[in-house]
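Numbered continuously in our numbering, the sequence shown closes out at residue 525.
Hints are computed from structural coordinates only; laboratory data are not their basis.
With a Cα cut of at most 27 Å, we get these calculated BS3-like pairs of lysine-lysine:
{"id": "1", "residue 1": "K259", "residue 2": "K248"}
{"id": "2", "residue 1": "K347", "residue 2": "K414"}
{"id": "3", "residue 1": "K354", "residue 2": "K517"}
{"id": "4", "residue 1": "K500", "residue 2": "K354"}
{"id": "5", "residue 1": "K250", "residue 2": "K231"}
{"id": "6", "residue 1": "K225", "residue 2": "K248"}
{"id": "7", "residue 1": "K343", "residue 2": "K354"}
{"id": "8", "residue 1": "K517", "residue 2": "K343"}
{"id": "9", "residue 1": "K275", "residue 2": "K231"}
{"id": "10", "residue 1": "K340", "residue 2": "K414"}
{"id": "11", "residue 1": "K500", "residue 2": "K457"}
{"id": "12", "residue 1": "K275", "residue 2": "K298"}
{"id": "13", "residue 1": "K225", "residue 2": "K250"}
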Amino acid sequence: MRYRYLSWRSIHWKSKCLAAIIFTLLSSFLFISYYILNGYTNELASYEKEVASLRRENSAMGKRLEDLKQSVRREAAAVNRISKRNITEALHSELKAVQKSLGRLAAPTFRHRPETSHLDCRRLFSSDAAYMGEVAASRIALIEQRDLDLSCEAIRWRVLPPIRSMEINFSIAFARIVHTDYEFLEEQLSLTYSTENHYCYHVDMKSPDVFKKRMSALSKCLPNVYLTKEKLEIDGAVGKNVNFAHMACLKLLENKGPWTYVILQQTHDVMIRTNMELKQIFQALNGANDVQITPCAPFHYDQSSTWDAESLRVFDGIHMKISKRSLKTPLYIAKGAVQASLSRAAVSWINQVNLTGLIQQLNSGKRAVDEMLMSSLQIADGWEMPGRFTQQCLKQGYSYEGITRMVQWRQSKSECLAGFLRHSVCVLGLEDLPSISKLPHILVNKMMPSFDYGAIACVSELLFNRTHLGQAHHLNISFYKNQPAVRFYNHLKRYGEKLSCQDLYS
Numbered sequence: 020m021r022y023r024y025l026s027w028r029s030i031h032w033k034s035k036c037l038a039a040i041i042f043t044l045l046s047s048f049l050f051i052s053y054y055i056l057n058g059y060t061n062e063l064a065s066y067e068k069e070v071a072s073l074r075r076e077n078s079a080m081g082k083r084l085e086d087l088k089q090s091v092r093r094e095a096a097a098v099n100r101i102s103k104r105n106i107t108e109a110l111h112s113e114l115k116a117v118q119k120s121l122g123r124l125a126a127p128t129f130r131h132r133p134e135t136s137h138l139d140c141r142r143l144f145s146s147d148a149a150y151m152g153e154v155a156a157s158r159i160a161l162i163e164q165r166d167l168d169l170s171c172e173a174i175r176w177r178v179l180p181p182i183r184s185m186e187i188n189f190s191i192a193f194a195r196i197v198h199t200d201y202e203f204l205e206e207q208l209s210l211t212y213s214t215e216n217h218y219c220y221h222v223d224m225k226s227p228d229v230f231k232k233r234m235s236a237l238s239k240c241l242p243n244v245y246l247t248k249e250k251l252e253i254d255g256a257v258g259k260n261v262n263f264a265h266m267a268c269l270k271l272l273e274n275k276g277p278w279t280y281v282i283l284q285q286t287h288d289v290m291i292r293t294n295m296e297l298k299q300i301f302q303a304l305n306g307a308n309d310v311q312i313t314p315c316a317p318f319h320y321d322q323s324s325t326w327d328a329e330s331l332r333v334f335d336g337i338h339m340k341i342s343k344r345s346l347k348t349p350l351y352i353a354k355g356a357v358q359a360s361l362s363r364a365a366v367s368w369i370n371q372v373n374l375t376g377l378i379q380q381l382n383s384g385k386r387a388v389d390e391m392l393m394s395s396l397q398i399a400d401g402w403e404m405p406g407r408f409t410q411q412c413l414k415q416g417y418s419y420e421g422i423t424r425m426v427q428w429r430q431s432k433s434e435c436l437a438g439f440l441r442h443s444v445c446v447l448g449l450e451d452l453p454s455i456s457k458l459p460h461i462l463v464n465k466m467m468p469s470f471d472y473g474a475i476a477c478v479s480e481l482l483f484n485r486t487h488l489g490q491a492h493h494l495n496i497s498f499y500k501n502q503p504a505v506r507f508y509n510h511l512k513r514y515g516e517k518l519s520c521q522d523l524y525s
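Please model the complete structure; the sequences and the hints are all you need to start from.
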C-alpha cells in the first residue's frame, strides 16, 4: 500500500483558504445581525414616539372630556331652570309625540296562531267586502294539537298577558260550563285574565278524558282558576243539569275573593268586553242583575206541579222576611238566556236559599229547562232576590232583553250572514265582525272554532288591542244606566217603591 503525504506548502495553503472562509462567514453573520438589530432599534424608537404621541392625545382628550362634562352640567342646569318655568304648548305637544312614538315601539302585539297569522282583521272589521269574501271562501277551522304542552310554564306563557296589565281595582267572577275546545277556552281566558278576577269551570262529566286532563292542568297552574268537584252530565240539547252546574260554581266562587259581579257562561260564548269595560258596565248597573226576561210557553214546564216557595221549601230553615202570601204564591215562570250577570249580593242570596227542589222540578221538562231558573228568580217579587226586576212588566207585555248576551235566533241558515244555523241559533263568522265590534253587549253567542276560528281570532285581537294598546271602545254609559231593570232596582233601593212599567220602558 502506498501512502500519500501532503507537503507543508499544501497544508499551509489550505489553512489560509479555510481561515478566509470562516472570516467571510463571521463577517456576514455580524453584518446581518447588525442590520436586524438596527432595524429593531429604529422600529422601537418609532413605537416610543407613537406612544408619546398617544399620551399627548390622551391628555388632550381628557381635557376636552372635562370641558364637555362641564358643558353638559351647564346645559343640564339650564334645562332644569327652563323646566321650572311655564313650558309652551308646542313643547308639550312635541314631548307627547315622542312619548307616543316610544310607546308604539314598545307596544305588545296579539299572538296569532300560525293558521290565522295572515289575516288582516282591520279589513274585516271595516267591512272590506272583497277581502271578506276571499277569506270566507276558505274558512279556518281550529285543529287542536294532540301533543299540547301542559307544563305550567307553557300554560302561563299562553294565558298570561305579554306585559303586566294595570290593575283596575275591580274584581269580576266568571262561571262557565264547558265540554270541549280546550285551546279556544284557553284563549278566551287569556283575554280577560287578571289576578284580580276569579274563574270557575264546570267540566261536563261526559267530556273526553284529554279535555278533562287539560282543564285540570289549567286549574293547577293558575291560582285563580277553579274546577267544581261536582260530577254532572250536561244535556246541552234539553238543558238538563245546566243550572246545577252553575250553582256549583256560584257556591265555590262565594268564598273566593271580593268580586263584585259574576258572568254566567257556556262553552262557545265569546267575550267582547275588556276588564275595564266590564268594570264601567257593572258600576253602571249599580247592583242590578242583568237577566233576560221573556214569556215562557206552557209546554216548557209542568203546569200541574206546585211552584210556590212553601211547597218547594225554598226558605226552609232560613231567616228571611218573606210574607206568608209570598210563600204560597206560585212562582211566575219566565224564560231567558242562561248567560246572565249577577251581583255579589244576588249570588249570596242564591247560595243561602234552597233551590234544589225548584231546579229538579224544572229539569223534568222536555225543552230549554235551563232557561227558566234565573229569569223566574229575577222577577219573583215576593222572594226579594237582591238586584231583582219585577214580573209586572212581563205580565203587561214588556220583555227585557238585557245586555249580557247577543244571540241571533233564526229559522233557516239563509238568515245567517255566515250561513250556519245550529239549534235555531246563527253561528257567527267573519261576516258578523263589523257589527260585533259595535255591540253594547258583554258577550256573543255563538262562535265555534271548528266553523270559523278566523272570526274568533279577530275578536281576540280586537280585545287585546283595546286592553293593551289603548284602543278604547267608548261605551255609552247612559245606555246601561237606563236599562229598565237598572232603573227599577235603583228606584226601589232609593225610594222603596216601584216605577211603573210604562215609565221604565218609555
